[in-house]
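**Q** Protein sequences, first through last, are from chains A and B. The first sequence begins at 224 in our numbering and counts up one residue at a time. The second sequence begins at 224 in our numbering and counts up one residue at a time.
There's no promise every hint is true.
You can't tell identical chains apart in this list, so a pair holds if it fits in one copy or across any two.
Here are the computed lysine-lysine pairs in the DSSO-like style, where the Cα-Cα straight-line distance is at most 27 Å [as the list claims (entries may be wrong)]: (1) K746 - K716; (2) K716 - K869; (3) K645 - K658; (4) K869 - K746; (5) K645 - K655; (6) K792 - K746.
These aren't lab readings, by the way, just hints derived from the structure by calculation. Every value quoted in this text rests on a predicted model; they were computed, and no experiment measured them.
Protein chains: 2
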Amino acid sequence: MKVSDFLKRLLVGRKLASAQLGETLLPKRIALPVFASDALSSVAYAPDEILLTLSLAGMAAFALSWEIALAVAAVMLIVVMSYRQTVHAYPSGGGDYEVATVNLGPNAGLTVASALLVDYVLTVAVSVSSGVQNAKAMFPFLAGNEGWVAALLILVLMSMNLRGVRESGAFFAVPTYAFMVGVLGMTLWGLFRILALGEPLKAPTAGYDVVGTPAYEPFVGLAVVILVARAFSSGCAALTGVEAISNGVPAFREPKSHNAATTLGLLGGISVTMLAGIVALSNLTGLKLIEETGGSHFALNGQAIEVPHETAMGQLARTIFSDFPIGFYFVITATMIILFLAANTAFNGFPVLGSILARDGFLPRALYTRGDRLAFSNGILALAGAAIALVLVFNASVTALIQLYVVGVFVSFTVSQFGMMKHWTRHLKSEKDPKVRTRMQRSRLINAVGLTGTGVVLIIVLASKFIYGAYLAVLAMAFVFALMRSIRNHYTKVARETAVAPSDARMLPSRVRAVIVVMEVNKPTMRAVNFARATRASTIEAVTVSVDEDEVQRIVEQWNAQDTEVALKVIASPYREVTGPILNYVRGLRSDNPRDVVCVYIPEYIVGHWWEQLLHNQTGLILKTRLNFMQGVMVTSVPYQLASSKYALNRARRDSAAAWRQPGRGQVRMGEALDVERTE
Amino acid sequence: MKVSDFLKRLLVGRKLASAQLGETLLPKRIALPVFASDALSSVAYAPDEILLTLSLAGMAAFALSWEIALAVAAVMLIVVMSYRQTVHAYPSGGGDYEVATVNLGPNAGLTVASALLVDYVLTVAVSVSSGVQNAKAMFPFLAGNEGWVAALLILVLMSMNLRGVRESGAFFAVPTYAFMVGVLGMTLWGLFRILALGEPLKAPTAGYDVVGTPAYEPFVGLAVVILVARAFSSGCAALTGVEAISNGVPAFREPKSHNAATTLGLLGGISVTMLAGIVALSNLTGLKLIEETGGSHFALNGQAIEVPHETAMGQLARTIFSDFPIGFYFVITATMIILFLAANTAFNGFPVLGSILARDGFLPRALYTRGDRLAFSNGILALAGAAIALVLVFNASVTALIQLYVVGVFVSFTVSQFGMMKHWTRHLKSEKDPKVRTRMQRSRLINAVGLTGTGVVLIIVLASKFIYGAYLAVLAMAFVFALMRSIRNHYTKVARETAVAPSDARMLPSRVRAVIVVMEVNKPTMRAVNFARATRASTIEAVTVSVDEDEVQRIVEQWNAQDTEVALKVIASPYREVTGPILNYVRGLRSDNPRDVVCVYIPEYIVGHWWEQLLHNQTGLILKTRLNFMQGVMVTSVPYQLASSKYALNRARRDSAAAWRQPGRGQVRMGEALDVERTE
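One chain only, chain A, in its complex shape:
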């Protein structure tokens, strides 16, 4: 095997038979982990961010963590309730983009789409960064290189996804359940040791004081409100990913909507329980965190002291499993894996959303079709590139990245809830059955509460985080929005320009004049001649350009030796130019016969390596590019497959086989679900 083949194989993966395809609908017990990794994994960093933010006001503020966790749980309840309505109303798995577009129009949909695209990037960046931060509990040597480690992990994810890794339900189920078992087990065991056995468990940071910054130190007034709002906003990161189930309804077993709604409820319950458990244990074990860049610091007996940063998850696992190290390793490993899976979820969702946006003309059409590897590869590369840039710029600091996060999710939530209200209002207009009307009115009320709740949270998030980084997310969304808008405008303009008129079908050219470009008299040229003759054009002529007199004489002699029945014209070229004289000749043919079409036949060498391409076809390429600008001129490439072309053919076959793999994913999100049903 050649080295280049080997490298390619390594990156893109081995050829897979299409028989390996196939998809089954998901039972609830598999659907939960498939859709939940994103939502559950945020438990790994949301509590930390609440505590970190509160630390700015010093020790006393930590007492508020309970209230904030409760507020987050309340929002979670509202969001879950609201999305249960969406699941019932859009059993086809509309997703927020569809809900917004259908009910509020394309600009609302595009707003949601921009928010989601930016948030996919942030999901990758935040999840991988949090994974690296948690990994430091097990591998302390990672400290100092977090950014590079995170970038490396994103590269691994990228190549996994470029290879088209097959994720079965089990691939998700095992680590997700392991994470749930680990965190809930840790919570129960911790509560048992503290409350039942009365053990005085203390977190590693329990012994320190936390000194806040002067801005918040007199813990009163507006400053408190602002700080609590910020802590709450960061805590709302726990809600990201909840919407995933509403996109995946078609992947559920029947009754789809019912099962999806139940799973959504389960997900909300588990998520809130885990969040509450971690906050409770943090309070009970005296766990403390500081925000170093913000200005709070640890102190011991009034002296500032340096303590290596460790996540809440890491500290709790260390404390609660102090006599059972396997438990510690289990929890940390499961946390790292689920964060990695959450990032992987974005790698699936991003290109799928891209495909839907391409369908609607907001992204290049080429991204629409599925089997084409192109679509997914480009999406994956774009996502990985943006996420790597973020983790490097912010050195994989979850605290810094979280300031940009959450904005997109709540934009999406809010617009979607508004769309749902419109949805019910519209249906209520035509619905007569009073029982159905009552149900719809109830749903509308729930979505109204959802809209109010998520809208208020969005305002809080924007207000409290704007200067800390949320403005970057808003700028990115605006940029993506404007870009997609202008792509759509371009397509609309082109569609108007190219719309068929009734007369188009009757504008038949009267004749076709075939012109064969002859550079040399060889098999490719003779093939072009034979093909041109087979088309029975009205006139067929071959043209060659006289660049060198000896050469042209040789060509003419060789031509005459062939029994082609096609005359060869020699065009003079005093300046040794090739394309200009041919273009002029074709231009002349056209203007002499304005109702005819000219078809230029160019023999093309099909080669196997990129460098061979540099040695052939260059003149033909320039000629073709220039001819394309002439009205009424077609260009026909007559390919001649050189022996070396088999390399390229094999390469193309391999790529294509890999691309075939793409639709067969277990991880289903957004419109992807459509195929799942169809391929049953």
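Assemble chain B onto chain A, guided by the hints.
**A** What follows is chain B alone, placed relative to chain A:
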């Protein structure tokens, strides 16, 4: 004007009417400066390099500079005599490459070509570097940034040449004669002041001692021989560029050969005089140079002392025109300009040689044709890139670069002289006229002396400089040789593979089956349909792929609304793939009708900006690429010019107009001269 247009205009230059073309044959007084800038400019650095090298052996060695200058002058005499024979034997302006190829075969020609290509790069690097070193006499602040300044100057040269700057004879004549007047005037004035007026003129460095390195300090034995050989080798840089006239014979007025031979003699005489003058003045004024990296240094009263480096030209001009500063500025300015012109000469010669090599199949065919901007642009970019790399790596140190230089020139000299000997021997075989035979035998003798002389110098150059850098030049030549060899092999292989057989003209396909790819029903598609119908193929069918049921239904309805008389086939695509199903369909058509040809019509959007290209034609492009690998399938692009395409058309026209300018250059070298005659 848009910014991008403005930048492009700035770089590539404004549109030029082809009426500005035209060429006249050169009288001797113009031909001399046109062809001499390269050869004469080396006077600016060759004496320096002799003195620098000798400085390694300390003060005493400088006395040898006279002998070395005489030896260089002797070699110059031999080379000029030899090339006068070439000028008479090849009045068509063969050049060393032609002489070697015709008389010694393609490998010898290729050796010369490799040597010349590498030497063009070095001419640019050395000339510009020397220009920067000399400029330091006027602009001392350049010291320390020589590499960057040189790189910048090469960029200026590059964009001048990409713009297709028009160099009239006057463009060369003024600075070349100014340089000759300056240097010869300075020599005469200096000799007059010293010898006639008896003024004790002392160079700025006259007062210092030079301490050599221990390796050469006891100035005896083999070490002396080696050092003198190195100094001589560096001095031979004065000979570079002498061969230029032999390439340009056709550009001379009648009698061409006679005038060219006279000019060659003049050039040799002037060059040797200038070299001798500078060495004489250096000796008389006590001028000293040191090679800092080599280990020699200045000393004052036995103490090592730091003296800023100044070229011999700079020191002499400063000393001799001590009471006439205008003279100083005149000499230095003329020196800088002629060095710049010498570098520019390479920018003309490199692509012309590339064109000749492309004609013979050693470089991509696309580089052959002239008018095509491509050929020249690529050559200019390659040359500039390589030269910039050299000046940056060697920080524009002439002393370092000169170690790589000269090798190529003498390879070319030696092989060419050997070719000339073969030339005379061959002609002597058939020549009967005793008078002509005598003349031929005399010419052969001169070329034999030339071969011996240049061969010995080549050996001296290689032996004395190999470890100091000449090995790099040899490696580069070997690489270029191998590259061109393998390109030629590729073309030969392809030519064998594609050679016509007598039966090729009779292998007519029985039928043409037209397949129109329909993505949407719009004007481009209808144009493709109409064109396909006009070709009167045996069968015509339109195919579309069912990616989305609603969409395909809309397409079918729109299709039926059009009165096309062509049936639309819908191909199922369960995995939302587009290219695969079409490829399979065409493959099926082919295998069902193996004697027929399939012609696939793809509507192509012609757009005006590169980013629009990303939004269109992607699927068509993939389809075309894959179809090209199928035997018996033609692909016809039916272009549809969108309104925006006029931008690209205007751009293409502008480029093309600029390209037309290229042949009209006053600077003629190598095969370029062919056109000069023809365009009279």
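**Q** Evaluate each hint against the coordinates.
**A** Structure-based check of each hint:
no., hint, verdict
1, K746 - K716, "between (44 Å within a copy, 13 Å between copies)"
2, K716 - K869, "between (41 Å within a copy, 16 Å between copies)"
3, K645 - K658, "within (20 Å within a copy, 109 Å between copies)"
4, K869 - K746, "within (18 Å within a copy, 37 Å between copies)"
5, K645 - K655, "within (18 Å within a copy, 107 Å between copies)"
6, K792 - K746, "within (19 Å within a copy, 34 Å between copies)"
Violated hints: none; the structure is consistent with every hint.
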